[in-house]
Each structure stands twice: as C-alpha cells, then as structure tokens.
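Novice: All chains, full assembly: derive it from the sequences and hints.
There are 2 protein chains.
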Amino acid sequence: MDDKLMLMIPGPTPVPEKALTAMGRHPIGHRSGEFSELVAEVFTDLKWLHQTQNDVLVLTASGTGAMEAGIINVLSSGDRVLVGSNGKFGDRWAKVAKAYHLDVQTITAEWGQPLDPEAFREALEADTNKEIKAVILTHSETSSGVLNDLETINRHVKAHGEALIIVDAVTSLGACTVPIDDWGLDVVGSGSQKGYMIPPGLGFISMSDRAWKAYERSNLPRFYFDLGPYRKNAAKNTTPFTPPVNLFFALQASLRMMRAEGLENIFARHDRLKRAAREAVKAMGLPLLGSDDCASPAVTAVAPTSVGAEQIRSVMKKQFDIALAGGQDHLKGKIFRIGHLGFVSDRDLLCAIGSLEATLQSLNAGNEPGAGITAASKILNAG
Amino acid sequence: MDDKLMLMIPGPTPVPEKALTAMGRHPIGHRSGEFSELVAEVFTDLKWLHQTQNDVLVLTASGTGAMEAGIINVLSSGDRVLVGSNGKFGDRWAKVAKAYHLDVQTITAEWGQPLDPEAFREALEADTNKEIKAVILTHSETSSGVLNDLETINRHVKAHGEALIIVDAVTSLGACTVPIDDWGLDVVGSGSQKGYMIPPGLGFISMSDRAWKAYERSNLPRFYFDLGPYRKNAAKNTTPFTPPVNLFFALQASLRMMRAEGLENIFARHDRLKRAAREAVKAMGLPLLGSDDCASPAVTAVAPTSVGAEQIRSVMKKQFDIALAGGQDHLKGKIFRIGHLGFVSDRDLLCAIGSLEATLQSLNAGNEPGAGITAASKILNAG
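Sequence lines, in order, name chains A and B. Position one of the first sequence corresponds to residue 24 (our numbering), numbered consecutively onward. Position one of the second sequence corresponds to residue 24 (our numbering), numbered consecutively onward.
What the hints contain is simulated information worked out from the structure, not anything from laboratory work. Quick caveat, the model's predicted, so the values are computed rather than measured. Heads up, some of the hints might be wrong.
Just so you know, same-sequence chains aren't split out, so a pair can sit in one copy or run between any two.
[Unchecked claim] With a straight-line cut-off of 30 angstroms between C-alpha atoms, the simulated DSSO-like cross-links for lysine-lysine are:
1. K259 to K41
2. K181 to K41
3. K236 to K121
4. K355 to K111
5. K259 to K121
6. K118 to K236
Specialist: See the structure below:
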C-alpha cells in the first residue's frame, strides 16, 4: 500500500502536517522583513526550548556539522580534550577533535553501557595543571539507546574549573530536560530531524558566556562554521549565509506546537513512551541492549537472540510498513532500534508494539501473544 | 493581497509546484532502499546538468559551505592562491582562503566590471616556480550581475600547468553552459536555491581527477566538509551524514523538469530573459551597472540616477508584490537587481518589466510609458 510508511527510527522522525504544509510553501526572500519576523519568533522559541538566555544559532548543516562548529569555535590547535565515547556518536566527536589536531583522551564504555561519571571525575581531578580544555560527550547515544549521566559528569567538569563542557544533545533535546543555563552547559549541539519534529537540514548550537570567551582565544580555521558572524546576525534576526527558508517555515510551525504542548508535557510523553516500549519489549521476551536506569527517551535498542534483528525489521517493513532502525557498525544485524522521538503519540507506540507482536508470531519467536500490548497499555494508561 | 509574492531576486528563486509538493511529503528514512533509489536518480541527473562524469557531491550547506569545502579539500596550509574578486562573492572566497592561512594574491576589478583575463595570464606566467596552487574565481558575480570570462581565464590556468581552477558557479550553473569536463574545471561549487529551482539548503561540489589527486596531499583540517567520505558514500548512493531528505525530494522533481526542458533550451531561455531585461531597462532610461558583453544570465543590476533604487524596490514590493534584490555592501541603495534565474518564464519577465514601468510612472521617473515592454517583447518574440 502506497504512502503508508510509519517512521519509528530515531531520525528523521515523523513530521506533523502543520510543519509539512509549511515546508511546501513558496520560499520568500531571506533578507526580507517578513523573514526577519519569522526568524525573530523562531529564535525566541528556540531559547525557550533550549532553556537558555543565550542565542541558539541555526546552521544549514546536519547535527554533525553543528557539533563540529561547537568544537572548533572554542578550542585551539593542540588543546587537550576529554571525549566520552560509548557509541557511534561519541566515537565521531573524537574523530572530529583529531581531525583538528586536538590532543584527544577518551573515556569509553561498551555500546549499551553508560559512561562512568567516576572516570570523568578521576581524569579531571588528575589534571592538576588544568590542561584539559574541554569535555565532549553525547547525552543520548542514538546508536545504543543509552542516556549518559550528563548532570553528574557536568558537576565534575564544573569542579575542574577550566574545562568547558561540549554536549551532543542531538537526540535528547526536546525529549528530556537539558537545562542549559541551570547546569551551565557551555556548548550544546542538536539537529532538526529529532525532537524538533521537522525534516533534517538544520543544526542548532548554543554557547555560554564562557564558551564565547573561549571563542575569542580559539585559533582553529573555519569560515562557514565560524559562529561569530552567526551571533552577530542573530542579533538582527538574520543569518550570515542563505538559510533554508522552507525548513524555517516548518520550524516555526513545530515550535508553536511544542509551545502549546509545553516542555513538561513533552518530556513526560517521551518518558512514558520510553517506559512503555521497554516494558513491552521485556514482556515479549526480547532482551534490551541497555538497562532501564540509563535508557534514552528517544530510542530503545533491542538485541533479539532467538530470531535475527534484520528478520524482524524486514517483516515490520514489508508487512506493516513500519521503519525501525538497524544496528550500526559492529552492532549491525545484532540489534534493532525503535525510535519514539518527536511527533510520536501513545497510539503510535501501541501500533508499533502490536505490529512487533504480530511479527514475532509470524516468525514463531514471541512470548504469549498480547503480552507486549498489555505491558505497554499498563504504562500508557498510568500516564 | 496575501500569498501573491513574486520572487525576482537571484535566490531563493521561484520554485515549481512539483518541487513544492515534493518538499511537503513526509520524510522517509535516509538509510532506506527507497531513498537510495532516489539518490541514484538525483546523482545521475546532477552529472548531466553539470556536464561531468565525476560525482557531483551534495552537502547540507549553503553555496558558501560548498565553496569552502572545495577550497579546503585541495589545498594545504601556506599554499599560494590567486583569487579573482570583482564583487561580494569574489571577496568572500579570498576571506575563506585567508581563514585557512593560505597565501592569497588577488586580482580585482570594480564591482560591475569583469575580471581581466590578461591579469590572470600575467600573474600565472610570472609564476615560473609554479607556486600558485589554485585560481579561485566567481563565474557569475551575483552582487553586480557580471559574468566573468571563465573560458579564457581557465585557458591561462591550464597553460600554467600546476594550478587548479576552483569555480564559484553558484548563479551560472543551470543558467548558462558550464562545461566542466570539456573545459577541465577542477572544482565547481553551486547551491540549490539558484538554477536548480528548489529552496536553499543544498550545496553542490564536483571535483576533477586532478582535484582528487590534490585532495590526497591536502592537509587542511575538516570533518563535516571532508569530501572523501562524500565520494565514498556517493558510490553507494548515500551520504555520510543525514541529508535533508525533503530537499532531495524537491531536487528529484526539479531535475526531472530540467531533463524534460533540455540543457540547450534552459540556457537559451536564460539568455533570452537576460537580453529582454537589459533592453527593457535601457528603453526605460535606466542605466545598467555592467555592460552587455559581460552580463550575467541570472541577474541584471540597474543603477538608477533620477530616482532612488530603494524607492523603486519599495513601490515594486508594496504595490505589485514583486521582490527585487537591493545592492550589497557599498552598492547598497545605489542599485537594484532583477533576478531571472531558474523557474522564470517569458511571462514572468514581462510581468516584472510592466510593473517596473508602472512604478517609474508613479515616481515620475520613466521614459515614454510602454517603452520597456516594447523592447522586452521584441527580444522575447524573436526567441
């Protein structure tokens, strides 16, 4: 059946009709008064969503581009950085840092395990000469469905006193609280096709006052990703280079929807969906990759043993037109991932769980039929 | 009257309904088979449009991002580059080169004048030690409406033997011929909101075999803009980072339309629109910024003397809802620019000229009423 695809991947996430309709509008001039008015509204709403008084700068780039911009605007050649890596994206930030000749020290954990805050404390306390200029880590590790303990790690960074904290919040922002100003998160990057409920194409980056001071000292080469001109132009409700105006239309629409739902409700919904997904998966007899106490609100990784992950994804796609994500790198074929990020309702989750139960039945791999739906319903009904 | 805006600026350009409708479709997974099929078609059509057998790499970035990628993937720190600058964009590439600590030598011309190919010949012939590693120039200078003589300058670059040629074809690609392979253009950058007839958000870059050899030697730091992974992924009809899938939908639709129209017809249409715009402006008694023999096929810059450029733009916008571009930097307030790039028909041009005549009449600034339409009609009817 055509046109019935349901996206349950951790990005691109489903897009509401209001945002899609806005996307399909005819572009307007990006230097016009009309566009500046729209940009002013979007910038205000982004600050609200990011829980910060600082500018949330908008780049035409993927989340990786935004994160690279964050890293190269506050550091200088040879600077030592501590990078937390327990998945594909943590690995990626180490690669970015190395590409710019930073001195990279990594703290790792197995994919599916959270980063150990104690390891950060020890490394930071050992750095008595204050050589570590930044700690870079991923809040919600999309590749494994693990939420790292940003709050605790950040406390250790603050105790160090010198290092900035640079956070990949690509799949946490808009899914759980990331109180940028309250926690004093220096650099926070994210991307549009996630909690923002619009298609890919925009990267977001916020910088604290301390990060802007580091910017003044930073000597890494950049032009398109030089955040200074973005900040200067943001003050005039514009952008230094031609922005993707249609994605801004969509963003205006989705931010209005998020405002109407409210931050607390958005976070509660994601938490509920996460718990419902996990309890349902357990009830179906499928092993989860990570444990409940470090579960991402955006994506749940499942590591089936009695049947292949790719077999499950294949039936889900062919029979029910539901796209689930596969595993990445060494987890390819070993896990599948259920996205429940952004424009996802209780009904959507039940739909995915019901289809997953039917899939397991057809593969003779499930527990008691109905166990998943029963478990998910219990969570969703409890709110 | 709402929803009646007519874009006659050199980007964003008007977008056909087929592309807008495609833009408003629900995104699909960027790692799905369906998306790879779409990407395969788009990549094939881009090669056709760019007249090259090499990959046309697609970045989520503005044209500036694409050009920066082109520059930093083929050069190394301290390399000498010769940059042609006769407008805002030529100036910008010099700034990009300086940001990466390249040794920049500029050849300049007044805004509105073309770059002198002889100046390139002399500089390249004087470089007997072959220290110049690249010549960077803008083909169609959007800020002034001047088309630089790329063919001749490229011949001098080829005679030098060592230097690569890096071309900003942002507003020439899809408007006039840019025979990348025939001329041996090494690096060519462009952007989606121009001749491609879709909204902003995608940057395009092609690289010759010589450019890829230079890539192997190049030592400038980059990650998101490292073109190697784009090339590797292009071979598998995918992209290294999450692409803006909705812009790809639109691009598929617009490239199909361009295929149906045919390259020669597209170029002839732009040439006709350019000549009609210029003859009409002359007939209305308004001075053109540049001369006919170096006129851009994308945009016509007008430098009115008896009435203010901003006054004209203001009436055109308020009374007729036509967006014209203003001047940039020191030409702000001194010129206005009529875009006739991309999805622009003969009828659109007559519409703009008719409205401009009415505007001049209302400002008591025109020649004989009807002179502009008469002159434009003559060109358009002759084909």
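Novice: So which of the earlier hints does this model not fit?
Specialist: 2
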